[in-house]
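Following the hints, put chain B in place on chain A, whose structure we already have.
Number of protein chains: 2
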Amino acid sequence: MGFLVLRELVVVWCILLILLCCSIEISFGSTTRHFKWDVEYMFWSPDCQESVVMGINGQFPGPTIRAQAGDTIFVQLINKLHTEGVVIHWHGIRQLGTPWADGTASISQCAINPGETFDYRFKVDKAGTYIYHGHFGMQRSSGLYGSLIVEVGEGEKEPFHYDDEFNLLLSDWWHQSVHDQEVGLSSKPFRWIGEPQTLLINGRGQFNCSLSAHFSNTSTNACTLRGDEQCAPQVLRVLPNRTYRLRIASITALASLNLAVGNHKMVVVEADGNYVQPFEVEDMDIYSGESYSVLLTTNQDQSKNYWISVGVRGRKPQTPQALTLLNYSPTSQSKLPILPPPITPTWNDYDHSKSFSNKIFALMGSPKPPKNPDRRIILLNTQNYIDGYIKWAINNISLLLPSTPYLGSIKYSLRTAFDNKNPPENFANDYDVMKPPINPNSSNGNGVYMLGLNSTVDIILQNANALAVNVSEIHPWHLHGHNFWVLGYGEGKFSAKKDEKKFNLRNPPLRNTVVIFPFGWTALRFVADNPGVWAFHCHIEPHLHMGMGVVFAQGVEHVNDIPDQALACGLTGKRFMKKTKQN
Amino acid sequence: MGFLVLRELVVVWCILLILLCCSIEISFGSTTRHFKWDVEYMFWSPDCQESVVMGINGQFPGPTIRAQAGDTIFVQLINKLHTEGVVIHWHGIRQLGTPWADGTASISQCAINPGETFDYRFKVDKAGTYIYHGHFGMQRSSGLYGSLIVEVGEGEKEPFHYDDEFNLLLSDWWHQSVHDQEVGLSSKPFRWIGEPQTLLINGRGQFNCSLSAHFSNTSTNACTLRGDEQCAPQVLRVLPNRTYRLRIASITALASLNLAVGNHKMVVVEADGNYVQPFEVEDMDIYSGESYSVLLTTNQDQSKNYWISVGVRGRKPQTPQALTLLNYSPTSQSKLPILPPPITPTWNDYDHSKSFSNKIFALMGSPKPPKNPDRRIILLNTQNYIDGYIKWAINNISLLLPSTPYLGSIKYSLRTAFDNKNPPENFANDYDVMKPPINPNSSNGNGVYMLGLNSTVDIILQNANALAVNVSEIHPWHLHGHNFWVLGYGEGKFSAKKDEKKFNLRNPPLRNTVVIFPFGWTALRFVADNPGVWAFHCHIEPHLHMGMGVVFAQGVEHVNDIPDQALACGLTGKRFMKKTKQN
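Those sequence lines, one after another, are chains A and B. Sequential numbering of the first sequence, starting at 1, is according to full-length UniProt numbering. Sequential numbering of the second sequence, starting at 1, is according to full-length UniProt numbering.
Chain A with its partners taken away, still in its complex shape (with noise of 0.2 Å):
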């Protein structure tokens, strides 16, 4: 198996790369890494199959991006594709001050048109391990996403030590076009993507092979790989009794996922670029929107190699492992472990998810939540029916995003441009969450939370039963804009007097992604304190697409120079044009 990486010719081409695309101003105590990003689709074998990808600069993840607390990036985003617009957001970046740089169509700027480019700049106000990634359609899983790694600042340092770091990308892949699978979605009879067929870390995965199919019973062929394929792993290569950091994010579609080093264990010391209470564990779960950074130490027997594994949790799994190796220097990268890769935990055991999350609190000495919300927005999580035809909602209602991005369309009281009635704060007080819906049938409506800036929110969100009887979903929840405190998790249907006493607010974590357990609720908090209008959704791919989301803003009036490039398109594009004409 000798997937052999061409180190040399990587660090060769990535130089003429970063010369090429990206240039660096330092001026007075700030920094500017400044990018031109050309997006366009091309082949690709992430899988060792042949799919189109959507690229960036012809690489498929996207370039990481690696940047220093309080630097400024400066990305310009030319859009390569012949007849779809495009963004990117931001995952994780707060963009204070910037809230039209979020990359979010629809909400906060208007899609990208081919052949134009837009210019993203916004502040890295915190070190962590984030994510960008497409947010118009569902172009995310076409694979436009990749890595934001920011470092601590000129003379700051981590709460933890460690010797090297490596990155780990999680995603999963289909072998039908994104496009077939909005289709899909949209049409009566519904028809679901299915399960992924590949998992991938860092873009590679293998399909119809398996790098470890020489542990496995079946019929599994084992791979026969060059190293320099698109598909061949990237192998993390350490030197023994060294800590190394793993920035671990997910970004898959549906995927939840379980990540495990075989002999190792990892300690987990920061989620969503906060960082936590470092607790060990012998396997993780992610889901989608999430990232962690683990410290794992080279403390086994260096002479041989060992199996990094990732594989499906909370889903009947039927995608194999994504593996790579984890080689102990100087031992060749040829041998193959000795041991099978670590086992993911059964699909549904949610015992163990549910202990890993508990595991999780914010580490000592980090922001604590106000005492008390000003308000509390309970959202029900469930899926439904418009005339038909098979959505996701939130208080039965399923998000169908205006033509006019709401940060113009708020900034300019453009009231047609969506819904003015204030989606609801709550749900019927008779449903029972335990079973599918009584009555399945909602609407589509794009209605916004205004919330007051600066108020401190609560929101529970509660999950359901979807339409089959007993299943209930995973669903991942990611805030942009903001940290949220993690205050709890809970089963069943959340009740403010007796669950809310159980809130954890003396140590609980800050993220901006976080899970509801099937059946379960799980609560969190924030200041609404960033002027702008910001996404909250599921960040299941087909699930924000068909509708699970709301819409939060704040403080709009206080957004001033929203560029031009963000509001060109319909009301705020028209009233321009209005207003020019008049004068």
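No copy labels: a pair is met if it fits in one copy or bridges any two.
Here are the simulated DMTMM-like pairs of lysine to aspartate or glutamate, each with C-alpha atoms no more than 25 Å apart in a straight line:
#  : residue 1 : residue 2
1  : Lys574    : Glu557
2  : Lys368    : Glu156
3  : Lys188    : Glu40
4  : Lys188    : Asp228
5  : Lys435    : Glu491
6  : Lys335    : Asp283
7  : Lys574    : Asp38
8  : Lys188    : Glu229
9  : Lys574    : Asp561
10 : Lys335    : Glu165
11 : Lys574    : Asp564
12 : Lys36     : Asp419
13 : Lys80     : Asp419
14 : Lys188    : Asp38
15 : Lys126    : Asp164
16 : Lys80     : Glu40
17 : Lys36     : Asp387
18 : Lys80     : Asp387
19 : Lys188    : Glu50
20 : Lys265    : Asp351
21 : Lys501    : Glu491
22 : Lys371    : Glu425
Just so you know, the hints here were simulated from the structure itself, not pulled from any lab data. Here the structure is a predicted model, which means the values were calculated and not measured.
Chain B in isolation, oriented as in the chain A frame:
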């Protein structure tokens, strides 16, 4: 082979559709025909194999528009695609006074964004057989097309008699998605789209089976169709001893076609919405973008049925004939013809094609061309390279459309919106059109031929050898906003001195589309009397997409009231914003 067309159901369905989607307002002396069209992708089986097609109101091909000369067509087009813009071009309609409704992205309007509506409102001033289709990227190839039939105005008469009519819209179909075709064409190495899998008549064809299998010696299966399938042929049921008008239009992406009706002759009476001197043929060639009306008299044995066949010309055919039946009433339509389908002339029998083209003359009394041109533009058609990517080019410039549509940028003098240099009016004197280009390197450009308003322009379309030795392709050229007179065709390099004398100024046919034959030239003349910006391009979809077109502008200063919708992008969009802020 019982392909029963469920006539009754279809009729009821059509009435319902008309009630839902089309309303007719008749005001003093003029009728407005109002349509509401949703454009969206859907699953469909044009050739008995499921594909994703771009449909209108759930139909493929899109609904046929029928109107009378003088009517106003008002189509409210709603873009229900998820991430793609869209436009519709009304092919053959001159758009007198409404150049913004020509439906060419980057030329006459901004592409309509997802979720947005565009109002196409224009007059159909001239009776004839027209087409409408997408004109953004290669969306036309995705199935975004339909027929637009304009009957003579109230009290007017066609210059020929017929009892009834049928509409035959011809197209070609690929199983590879158009998105993937686009990626292949823009890749290095280049990936050609190949020959179509299937030819379609009114969106219906049969892949992997044949209606006439029993006539062939090959192992092709006979089709077993009930008649209500999306791919079941639409049978032409006729009465004996009647005259039928067949309105035949080709909207192929690539294929040049030949149509014949077993045992029947046809009399050609109309070409591209212009009457021609009637002439009789056994079969007829038709190129993409062309339309014809032919009269067919049902003077054969009425106890039999006859094949209507459509086959490929001008490229080595790898696509089976499209077939349907001319079914004499009361003969059962399940009765197969006794003779095999008419044989399509050999693909490279260009003499046959030229003979057909050379029979086309304007009907007596048709407008005649001005005696002399004010300007002559010679356009060399070549295949080229740019940075190793294969392109098509005109006078060594490959058209790469700007992101701001010309109509707005010329109207508002936004000089940075496109190349200000005039594109070349000719090519090098010593260029050998019979050989591959000595220097095949080309460059992208988007300059405009600025034409004097009401000036007479001659165009010499000069064909040449492609990149490969001894290959010269067919290019059917289509002019927007005008008809032109076809003055003549010739072989080899055009020589003003020698060839001009042979121009037909007496009765040249008016067309909007004309072919250049391999290694030949075609001369045409038109009067630039329609203020606006107009595309002139090869109608082969991948050729246009890869640069084979030019842009003409004339009298744009006289164009007023361009709707905001057409301008809400690129520099025109920004211009309005800037002005608003200044005021």
